[in-house]
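Residue numbers (the numbering used here), protein chains in the order written: chain W, 1 to 369; chain A, 1001 to 1257.
To be clear, the hints were calculated from the coordinates, so they are not data collected in a lab.
C-beta atoms are modelled at their ideal positions from N, C-alpha and C, and glycine is treated no differently.
Any given hint could turn out to be false.
To be verified - Footprint (simulated), chain W over chain A, 3 or more residues, beta carbon under 8 Å:
hint, stretch
1, 1041-1051
2, 1116-1125
3, 1140-1150
4, 1165-1178
5, 1199-1211
Here's the letter readout for the chains.
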Amino acid sequence: MNELAAAIPWLGKRNPTAARWLILIIALVAPVIAWQFGRSWVRILDFALLYMMLAMGLNLVVGFAGLLDLGYIAFYAVGAYTFAFLASPHFDVHLPFWTILPLGAGFAAMAGIMLGFPVLRLRGDYLAIVTLGFGEIVRIFMLNLNYPVNITNGPQGINMIDPINLFGWDLSRNLQIGENFSINSLFLYYYFFLLAVAGSIVFVHRLQISRVGRAWAAMRDDELAAKAIGINTRNMKLLAFSLGATFGGLSGCLFGAFQGFVSPESFSLMESIAVLTMVVFGGMGNIAGALVGAFVLALLPEILRDVAVPLQQTLFGHVLLDPEVLRMLLLSLAMILMMLLRPAGLIPARARYSHDHHLSNKLKQEAAK
Amino acid sequence: MITLLEARNIGKRFGGLQALSDVSLTIRKGEVYGLIGPNGAGKTTFFNVLTGAYTPDGGEFVFNGSELPTGKPHKVVGRGIARTFQNIRLFRELTALENVMAGHHIRTKAGVWGVLTQNRFTREEERLTTERAYELLKYVGIERFADVVSRNLSYGDQRRLEIARALATEPQLLALDEPAAGMNATETAQLKVLIEQIRRDGITVMLIEHDVKLVMGLCDRVAVLDFGKKIAEDVPAVVQKNEAVIAAYLGGGKHAH
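Just need the whole structure built from these sequences, with the hints factored in.
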C-alpha cells in the first residue's frame, strides 16, 4: 500500500497520507465511474480485481521466492472447478460458499505441493518448462475427464454454478434499498472482491516483511548461501508454491461463482502467461507492481476492443486488424518497451523484508544512550 | 584442551580427481585453526564437505562429541557450524540488516500462521531479530550501512557483512574461506582484529587463507593440504620450516610434477 502510494507522481513523495487516501477513494468510486460507460465496464473491473489477486499470488512465487512458474493458472482452475463441483446442479451438490472457499484453497495448495515436489531441484528454464507442462496437464484433465465417468463435463464446462452467498445474502441479486433505489449485483461483487484483494494485500505484505519473506528472498538471491545459513530450501520452496497456489485457488473460487460457468478454455497457457506478464510489467517482487500490472493489463484489451474497431472504421473505412490480434501486438510491444526503458517494471520499488519501526526504535535507543 | 571438531579420514572424489584423500584433523575449542595449501589442494572442498554442501565419499566428522549429518547444510548450521564463501555470496537485494536477519533464520521459529496473524510471539521475535542483527552489524563495524542494499556496499564491507551474517546463526565454529582475499593491507589488519575479537568471544575459527603473514600471525595451529592430502599439521612456526610444505609451495622435492 505504501509502495503504491509512493508510486503516484508528485503526491506520493510529498504527502504519502493524502496519496493513500486518494487510492482508497479511487478504489471505492471506480465502479461508479465505470458504470457511466456501461455495465460491462463494471464487470471488467470485477475481473481486474480477480487478476490482481492472481498476480499477487504469482508474485509470491516468482517475485519473492524466485521460482518461475508458467503454469500458475492451473491453481485458478483447481479453485474454479472445486467451486463448480460443490455448488452446481452438475453433481447436484450445493455447499455453502464459506465451506467451499477453504476447500478450494486447500485443494489448490495441495496441487501446489504436488507441483513443488518434482521441481525442487530445477531452476530457471527447466523449472519454467515443467511448470508449463503442469499447467497444461491440469487443463487437459479438465478437458477429458468426462469419459468413462463424467466428472468435469469436458469441453462443455460446468454451467449454472451457484452465486456467492454470504450468510443468506445473495450477491447475484440487486440490492433493493427502499422503493426505487437498488444497487446492481456487479457493484456488490466489486466491493466483495475489493475486500478480498485488500485482505490479500495485508497477508502478502505480512509474509514479505517476515522471517518467511526473508528466507524466500535469500533463496532467490543465492540458493547456496541460503542453505549455508541454515534455510531449509526444500521446505521454503514448497511453502512458496503452496501459498502462491492458495491465492490462485481462492480467486478461482470467486471466479467460478461470479461467472457462473467454468470451462477448460478459461485456463489456457495464454492465461498463465498473461498473469506472469502482469507481474513482470508491474514490477517483479513488489506488491504494488503486481497490483498495477494486473489492473493495467486486465483493462487494456477491453479498452482496445472498444476503441480499435470504431477507430479503424473511421480511419480506413473497414477493420484492418482484429482487436484480438492487436492485443497481442500491443502487449508484446509494451513488454519490449518496458524491458528497454524500465526493466524493473512500472513500479520498480525494492521490496522491504523487515519492519522499519524495529530498526528506528533500536536506533532511538542507541541515540539515547 | 577440548576437541570441538574431529575429521576422520575424509575422502572426496570428483570423477578422476581425488580432491580429498584420508584427511584427518582435529580442531580444539577456542583456537584459530588455519587450513592452507597451494591452489587446488582441496581446502574449499574440505569446507564444502564439512558444511554439507557436498557429501563425502568416506570418513566422518565428529562435532561436539557426536557425528555430523552429511549433505544437509541446514542441519550442520543448526549444530553450530557457520561459513563464509571465497567469492562473496550475499543476498544482493536485501539490505545489510536484512542479510544478517536472514542469517538468524535457523534460531527463530515464526511460521506462516504466526506471520499472518502477527501474534505477540512473532512480533517479539521479529523485534529481537532486528536488534540482534543491528548489534552484529555494530560488532563487525558496518552499522551505518544497515539500510543499504548489500550489493551497493564496498568490497571490504561486503566481506564483513558476510561474517556478520554467519555469526547470526550463533555458531560454535566459524569457517572463513579466504576472508582477506582482495583486501588491501589496512583492511587485512582490521580483519585480523575482528577475527581475534571473535575468538575472544568464545567462537572457534577455522580459516582458509593465502595471506601467509595473516595466517602466521593469527593461527594457533595450521594444517597444510596438498593434492588432497594433509602433509603437515602443527603450530605455524614449525609448519613454516617443514620441508614437504616448502616443496609443495615452491615445487620440487617428492611432490614434483
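Of all the hints given earlier, name the ones this structure violates by number, lowest first.
Structure breaks hints 1, 5.
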